[in-house]
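Chains V and P, in that order, give the protein sequences. For the first sequence, position 168 matches number 168 in full-length UniProt numbering, and the numbering has no gaps at all. For the second sequence, position 88 matches number 88 in full-length UniProt numbering, and the numbering has no gaps at all.
Keep in mind the hints are simulated off the structure, nothing from the lab. Remember, it's a predicted structure, so these values are computed and weren't measured experimentally. Glycine residues also receive a C-beta, built at the ideal position from the N, C-alpha and C atoms. Check each hint, because a few of them may be wrong.
[As the list claims (entries may be wrong)] Label-pair distances were calculated between CB atoms; the ranges are: (1) Pro170/P x Lys289/V: 29 to 35 Å; (2) Ser7/V x Leu65/P: 52 to 58 Å; (3) Leu26/P x Asn93/V: 51 to 57 Å; (4) Tyr129/P x Glu168/V: 41 to 47 Å; (5) Ala56/P x Glu168/V: 37 to 43 Å; (6) Ala56/P x Ser161/V: 50 to 56 Å.
[Claimed, not checked] Covered stretches of chain V, going by a simulated chain P footprint (3 or more residues, C-beta under 8 Å): (7) 126-134; (8) 188-202; (9) 336-348.
[Unchecked claim] Lysine-lysine pairs mimicking BS3-like chemistry, simulated, CA-CA at most 25 Å apart: (10) Lys125/V x Lys108/V; (11) Lys134/V x Lys50/V; (12) Lys208/V x Lys4/P; (13) Lys36/V x Lys50/V; (14) Lys238/V x Lys208/V; (15) Lys289/V x Lys157/P.
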Amino acid sequence: MKKRVLSPRMGAFLLVAPLFFFIALFFVWPLASVMKQSVSDTAVLHILPKTAEAMSDWDGESTPSPTLQQALIDDLRAATDEQATGDMVRRLNSAQSGFRTLMAKTIKAANEAREGPVDLLEIDKKWAQPQYWKAISEALSPVTDRYLLASLDLTRDASGSIVSQPPEAAINTAIFSRTLWISALVTFFCVVLGYPYALLIVASTGWKRQLLLAAVLLPLWTSLLVRTAAWFMLLQEKGLINELLQTLAFINEPLALIFNRTGVVIAMTHVQLPLMVLPIYSVLLTIPKNLMPAAASLGAHPIRAFWRVMLPLSFRGILSGSLLVFMSALGYYITPALIGGAGDQMISYFIAFYATETANWGMASALGLVLLIITILLYAVYERLSATRERSA
Amino acid sequence: MPVKTVQALFAALMVAFLIIPLIVILPLAFTNSALLVYPVPGWSMRWFRELVENDAWRRAIVNSLIIGGGTTVLATVLGTLASLGLRQRLPYIGAVLRTLFMLPMVVPAVVLGIGMQILLAHLGLANTYAAVIIAHTVIAVPFVIISVAGALAGIDKRVELAAASLGASPATVFRRVTLPLAMPGVLSGAVLAFATSLDEVVLTIFVAGPNQRTLARQMFSTIRENISPAIASSAFLFIVGTVVIGALVLAVRSRAPKAAA
Numbered sequence: 001m002k003k004r005v006l007s008p009r010m011g012a013f014l015l016v017a018p019l020f021f022f023i024a025l026f027f028v029w030p031l032a033s034v035m036k037q038s039v040s041d042t043a044v045l046h047i048l049p050k051t052a053e054a055m056s057d058w059d060g061e062s063t064p065s066p067t068l069q070q071a072l073i074d075d076l077r078a079a080t081d082e083q084a085t086g087d088m089v090r091r092l093n094s095a096q097s098g099f100r101t102l103m104a105k106t107i108k109a110a111n112e113a114r115e116g117p118v119d120l121l122e123i124d125k126k127w128a129q130p131q132y133w134k135a136i137s138e139a140l141s142p143v144t145d146r147y148l149l150a151s152l153d154l155t156r157d158a159s160g161s162i163v164s165q166p167p168e169a170a171i172n173t174a175i176f177s178r179t180l181w182i183s184a185l186v187t188f189f190c191v192v193l194g195y196p197y198a199l200l201i202v203a204s205t206g207w208k209r210q211l212l213l214a215a216v217l218l219p220l221w222t223s224l225l226v227r228t229a230a231w232f233m234l235l236q237e238k239g240l241i242n243e244l245l246q247t248l249a250f251i252n253e254p255l256a257l258i259f260n261r262t263g264v265v266i267a268m269t270h271v272q273l274p275l276m277v278l279p280i281y282s283v284l285l286t287i288p289k290n291l292m293p294a295a296a297s298l299g300a301h302p303i304r305a306f307w308r309v310m311l312p313l314s315f316r317g318i319l320s321g322s323l324l325v326f327m328s329a330l331g332y333y334i335t336p337a338l339i340g341g342a343g344d345q346m347i348s349y350f351i352a353f354y355a356t357e358t359a360n361w362g363m364a365s366a367l368g369l370v371l372l373i374i375t376i377l378l379y380a381v382y383e384r385l386s387a388t389r390e391r392s393a
Numbered sequence: 001m002p003v004k005t006v007q008a009l010f011a012a013l014m015v016a017f018l019i020i021p022l023i024v025i026l027p028l029a030f031t032n033s034a035l036l037v038y039p040v041p042g043w044s045m046r047w048f049r050e051l052v053e054n055d056a057w058r059r060a061i062v063n064s065l066i067i068g069g070g071t072t073v074l075a076t077v078l079g080t081l082a083s084l085g086l087r088q089r090l091p092y093i094g095a096v097l098r099t100l101f102m103l104p105m106v107v108p109a110v111v112l113g114i115g116m117q118i119l120l121a122h123l124g125l126a127n128t129y130a131a132v133i134i135a136h137t138v139i140a141v142p143f144v145i146i147s148v149a150g151a152l153a154g155i156d157k158r159v160e161l162a163a164a165s166l167g168a169s170p171a172t173v174f175r176r177v178t179l180p181l182a183m184p185g186v187l188s189g190a191v192l193a194f195a196t197s198l199d200e201v202v203l204t205i206f207v208a209g210p211n212q213r214t215l216a217r218q219m220f221s222t223i224r225e226n227i228s229p230a231i232a233s234s235a236f237l238f239i240v241g242t243v244v245i246g247a248l249v250l251a252v253r254s255r256a257p258k259a260a261a
């Protein structure tokens with residue numbers, strides 16, 4: 001008896017298992033490494049493991065013991081990976097200026113003596129100052145919140161309390177608000193264009209409805225890259241839109257439509273519009289057709305009937321569509337990269353920039369984590385919304 | 001009356017806004033000019049020849065076919081098996097798994113790209129075909145599941161029960177009844193997986209090396225660096241491909257109810 005209950009379920013698990021492991025390995029794990037990378041700071045610990053051990057005995061104020069000094073020398077002698085050593089020096093220098101020259105000197109001296117003790121104070125008097133040792137001690141911690149703080153334009157001051165970044169370094173809030181603003185603009189235009197369009201599809205019949213639906217579905221099936229390329233071609237200075245407007249003598253000078261905000265919003269609205277129209281359309285289909293005539297027969301003016309009957313009933317579709325458009329607009333990379341100017345790049349561009357151009361994985365991951373959290377939260381709301389709809393339907 | 005006119009005008013403008021960008025790029029594929037602008041001075045196949053003769057473009061097309069093919073097979077197999085498993089009622093776990101399998105559609109590509117680059121480099125797979133196929137499969141699987149699960153949901157369980165009651169073993173029921181009925185969903189899932197791989201740029205930037213440049217990736221950097229009508233001719237291939245694929249999906253879908261009846 002028990003076996004008959006279990007076996008189909010076991011079969012189900014066996015069928016799901018391959019995809020489960022695949023997704024766990026190649027989807028969940030990468031996202032987990034992004035999270036880990038955003039708080040990870042092992043550049044110093046990686047090169048100075050012995051120093052880390054010896055550091056635990058240091059009181060934080062006095063001149064470091066010969067053991068600690070020797071541990072540092074040993075670590076520097078053992079460090080052969082030049083790139084990793086460079087990372088360590090850079091990390092220390094960002095915490096305490098002066099480390100670059102100090103470390104260069106010390107590494108040189110340590111390697112010249114080859115083995116045996118070296119007096120650090122003889123190499124440089126700075127080693128007598130506890131602040132340098134303190135900087136090493138703090139940088140040895142493998143976990144840091146500085147990337148996450150920096151992604152929100154915060155930092156820690158000398159005493160360790162959280163303060164705002166100096167204005168010249170505070171760029172991330174501006175990038176996030178730009179990303180939110182562009183996404184909101186695109187969502188707004190999608191609602192303004194998509195809602196009446198969806199109403200028209202539902203109101204039409206026969207070939208007209210087929211045509212209106214096909215016009216939404218065709219772009220959805222077309223490659224994002226092709227659509228972006230098409231807008232690039234249309235919007236450029238000698239593009240079709242400018243040529244047409246000039247021929248018709250509406251304008252004398254070509255309009256600046258590309259490499260700016262206007263172009264990005266136009267192209268993104270075009271790309272996202274189907275995501276708005278289709279959810280609204282599917283909600284509108286469920287609204288009984290006789291409601292509007294009923295409202296009219298009871299004496300409601302068409303506008304009032306629309307406002308009191310149609311809009312409230314279709315609101316859920318507008319909300320789903322808006323969430324979907326807004327959520328996927330947030331992560332846009334390709335369209336702003338190709339159509340936008342320097343001032344229109346969204347957060348994904350900067351994440352990719354930190355990762356591929358400067359190899360600053362900590363910063364890229366921290367910004368990515370913020371974007372990921374916002375997106376997942378919006379998706380949770382969206383899922384909830386569609387789940388309640390299914391239940392009520 | 002004026003309301004009707006306004007409606008018709010709005011509908012016409014919207015259809016134009018949605019469709020015209022897809023159409024105007026097509027003639028430029030046949031320009032003989034080196035510029036991607038209208039008016040077209042003369043017609044030629046020059047830019048299609050460029051796609052075939054230029055090493056970078058030819059290689060990109062071949063890479064897209066290799067990676068698209070690999071992704072289609074992997075995503076379709078994994079997605080179909082999982083969809084079959086998820087037919088079984090699995091309290092709580094079923095819903096969790098379904099959400100998990102849908103998430104790759106939602107997560108911003110750049111974030112996933114960073115994580116994948118870190119992981120795949122760790123596994124020694126960086127800059128390989130396998131890396132790109134794996135990355136594309138992750139984001140293609142949701143489409144396969146949606147498509148196959150839809151087809152499976154449409155199967156009348158009584159048909160399978162009838163086959164079983166007539167003495168068919170579970171394997172036979174699956175092979176002779178379930179699979180043929182689900183086939184349209186599996187096929188359209190495969191087509192969607194291929195299309196997803198073909199169009200993917202962001203993950204490719206992170207996990208592919210110069211030898212795995214795909215057509216979409218090549219188009220991206222061409223638009224960015226030195227725009228040429230080769231863009232229009234590859235866009236032409238994309239659009240024609242889309243129409244053919246769309247027609248195939250529709251043909252398969254329209255066969256579905258007949259098969260089920």
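*Does the alpha-carbon distance linking Lys134/V and Lys50/V stay inside the 25 Å limit?*
The hint holds at about 16 Å.
*Count residues of the segment 336-348 of chain V with a Cβ under 8 Å from any Cβ of chain P, then say if the count reaches three.*
Since 3 is at least three, the answer is holds.
*Taking 51 to 57 Å as the hint, is the beta-carbon distance of Leu26/P and Asn93/V inside that range?*
56 Å, holds
_Assertion that chain P covers the segment 126-134 of chain V - criterion: three or more residues, beta-carbon distance below 8 Å_ = That given contact is violated, which follows from only 0 residues of the segment 126-134 of chain V lying within Cβ reach (below 8 Å) of chain P.
_Against the range 37 to 43 Å, how does the distance between the Cβ atoms of Ala56/P and Glu168/V compare: consistent or not?_
For Glu168/V against Ala56/P, whose Cβ atoms are near 41 Å apart, the range 37 to 43 Å holds.
*Determine whether the Cβ-Cβ distance between Tyr129/P and Glu168/V falls within the hinted range of 41 to 47 Å.*
Holds, at about 44 Å.
*asked:* So if I understand the rule, the pair passes when the alpha-carbon distance is 25 Å or less; does Lys36/V with Lys50/V pass?
replied: Distance of about 24 Å is within 25 Å: holds.
*Return holds or violated for the Cβ distance of Ser7/V and Leu65/P against the range 52 to 58 Å.*
Violated - the Cβ-Cβ distance for Ser7/V and Leu65/P, about 42 Å, lies outside 52 to 58 Å.
*Taking the CB of Ala56/P and the CB of Ser161/V, does the distance hold inside 50 to 56 Å?*
Given about 54 Å between the Cβ atoms, the range holds.
*Are the Cα positions of Lys289/V and Lys157/P separated by 25 Å at most?*
34 Å, violated
*When you check the alpha-carbon spacing of Lys208/V and Lys4/P, does it fall within 25 Å?*
Holds - the C-alpha atoms of Lys4/P and Lys208/V are around 14 Å apart, at most 25 Å.
_Next pair to validate is Lys238/V with Lys208/V; report whether the Cα-Cα distance is within 25 Å._
The hint is violated at about 34 Å.
Checked against the numbered hints above, the structure breaks hints 1, 2, 7, 14 and 15 and satisfies the rest.
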